[in-house]
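Peer 1: The primary structure of each chain is shown beneath.
There are 2 protein chains.
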Amino acid sequence: MPVPESAPPQPIDGPRFDVVGIGNAIVDVLVKAEDDVLHNHGLTKGTMALVDETQAERLYASIGPGLETSGGSAANTMAGIAQLGGRAGFIGRVRDDQLGAIFAHDIRAVGASFQTPAASSGPSTARCLILVTPDAQRTMCTYLGASVGLDPADLDLQMVADAKLLYLEGYLWDSEAAKRAFIAAAELIRAQGGQVALSLSDAFCVERHRDSFQELVDGHVDVLFANEMEIIALYKANSFEEAVDQVRGRCQVAALTRSELGSLVLAGDQSHPIEPFRLGELVDTTGAGDLYAAGFLHAYTRGLNLETCGHLGSLCAGQVVTQLGPRSQGSLRQLAADHLGLSF
Amino acid sequence: MPVPESAPPQPIDGPRFDVVGIGNAIVDVLVKAEDDVLHNHGLTKGTMALVDETQAERLYASIGPGLETSGGSAANTMAGIAQLGGRAGFIGRVRDDQLGAIFAHDIRAVGASFQTPAASSGPSTARCLILVTPDAQRTMCTYLGASVGLDPADLDLQMVADAKLLYLEGYLWDSEAAKRAFIAAAELIRAQGGQVALSLSDAFCVERHRDSFQELVDGHVDVLFANEMEIIALYKANSFEEAVDQVRGRCQVAALTRSELGSLVLAGDQSHPIEPFRLGELVDTTGAGDLYAAGFLHAYTRGLNLETCGHLGSLCAGQVVTQLGPRSQGSLRQLAADHLGLSF
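Protein chains in written order, with my numbering: chain A, 1 to 344; chain B, 1001 to 1344.
Do not take every clue at face value.
[What the hints assert, rightly or not] Simulated restraints on C-beta separations: (1) Gln-1158(B) - Pro-117(A): 42 to 52 Å; (2) Gly-1219(B) - Ala-118(A): 28 to 38 Å; (3) Ala-1136(B) - Glu-187(A): 47 to 57 Å; (4) Asp-245(A) - Glu-1057(B): 24 to 34 Å; (5) Arg-1278(B) - Gln-334(A): 19 to 29 Å.
[Said to hold, decoys possible] Partial pick of chain B residues on the chain A-facing surface, computed with a CB cut under 8 Å: (6) Pro-1065; (7) Gly-1066; (8) Gly-1325; (9) Gln-1329.
FYI, nobody ran anything at the bench for these hints, they're computed from the structure.
All C-beta atoms, glycine included, are put in the ideal place defined by N, C-alpha and C.
Given only the sequences and the hints, what does the whole structure look like? Please build it.
Peer 2: Below you can see the structure in the form of structure tokens.
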């Protein structure tokens, strides 16, 4: 949706949630692995591949011991917003199994609302095998399981209507039913005067759904999150600069992350380059993009300026990469106070 | 079993396993918590409390997000031995559920043998909620679930007969059936010329089963592992020194761990004080005793002298406390080479 206006919205009084996210409800299995493991399994470093249950089990049987932790891109973002003190809700589908119980516990334990009923039949809760290589990069193989069955009937429309902003992960585009749920929710919140944010999730995911994502960005999205590979893939651009020219003006705000180069926040004809935060040794990049979105949106829904949104995003991303796993084990509020003087 | 001889045994040619462990097959849920959480739930720091499923779920619902990882005291020790290059086997009982599959995967993934059939009915796989406080101490609440059903019929007698040494965790004493399985296995391996090691596991566990443990130490145990609180509890001693006097000579070797004071290895009239290793910031003491036993027994079953056994135990314990969780995420073999010049 091309818009001339670049100022962030003022906080809207009334809504029960700052942000409601829709995404795949996933439990991550983090496994340390050498580069040759990726090679042996034909995996491309830094990306996400979809696998069926048989492939997931074969891969699992061949890799080292894991650490299980709740994940899912949008879910990680909602957890981060809740940890920052925001009112976050998550919509996604688990099975009524042990991993589903872990997922539900963990997102509620940080104060996010999660009410989507667990499926009582069908595939098990989604799992993502995440291979963390010595360079701290993460390479993911996802078995979507129960999460793929999310459809419009699972949508808590009241929850969406009660939000200032709806956050959607691009990964949902891999399920036709989830995609429909997604668009229905986006139309609902915009009709209520709320905004829509989208994360492109993964370059391969963008390749699979390029046209559909382009239409979505032009027609439904206020705030777009993408990393360098993803925004280049979206516009089949030859460079980051060319992709920046393409996306500018197509949505109200685009926040483009570039790993160690920081990020670039675009709004109208403005560009805000944002420095990255280095808070310690790089351990595992899992969740970096998700936590960037968490920090950004927490500041954004509080009406803070776009530079502050970018800095808080960078700070949260900078924290999560110093630990194993995609959800912060430290206090993001404390960090925001210490590094940015923000008290939430 | 009082013995005058203090020299460690020479490696025995032939056995398929260096060490076979019997214990509760548990998945740990690690949760960072403040001290007041322990207080509110009436928990004693540093100990293990048994809870039923309802209590476990109530506690889980009230605490923060967790990190799930395979655990179980003897299982952690067997994983450590396998990581050091030893031939380790584990006997313990899971349910055929998702947590059971995680447990089985993780112990096999480090190269330990685990063949105990998963129960197809009855309670779910055992879980241990581990609250890690800011001082890095761990306080545990265990729901024994399927693990409590281990009985002599589950014992792989061939596996026990094929081992140089059988390792038993005291926690099994909380199940009458498991205790019987335990003693049957100990008698079998001693009849084959192998040795038996016991870890006392927990001071409260010792309190619950003091007489039985005293008999076991006198009658069946060659190598005893205990921390300071446990050995004091075993002999109702007034001090560590008094407990040392009590245990000396009752088994071939006693390895007594004392946290930051290191450990003391007793054999006959010899005493070997062992310095601790500090390899980094103290993060989580979960698994420290288990990994001490792993290092110790790996050296012991290779016929190395008792001081070396103690140093390797200290090194492995020193590594695991610098990370979250009870199983080493680094290379123990590399550490042994770097710090002790031992190549396995």
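Peer 1: Now tell me if each hint is right for this structure.
Peer 2: Hints, one by one, checked against the model:
Against the hinted window of 42 to 52 Å, the Cβ-Cβ separation of Gln-1158(B) and Pro-117(A) comes to about 48 Å, which satisfies the hint. Checked against the given bound of 28 to 38 Å, the beta carbons of Gly-1219(B) and Ala-118(A), roughly 51 Å apart, lie outside it. At roughly 50 Å, the beta carbons of Ala-1136(B) and Glu-187(A) sit within the given window of 47 to 57 Å. Between Asp-245(A) and Glu-1057(B), the C-beta spacing of about 54 Å breaks the proposed range 24 to 34 Å.
Arg-1278(B) and Gln-334(A) have their C-beta atoms about 27 Å apart, which keeps the hinted 19 to 29 Å range intact. With a cut of 8 Å, the hint placing Pro-1065(B) at the interface with chain A holds, because the nearest CB-to-CB distance is about 4 Å. With a cut of 8 Å, the hint placing Gly-1066(B) at the interface with chain A holds, because the nearest CB-to-CB distance is about 6 Å. With 8 Å as the threshold, the beta carbon of Gly-1325(B) comes within range of chain A, its nearest partner Cβ sitting at about 7 Å, so the hint holds.
Among the interface hints, the one on Gln-1329(B) holds; its C-beta lies about 6 Å from the nearest C-beta in chain A, closer than the 8 Å criterion.
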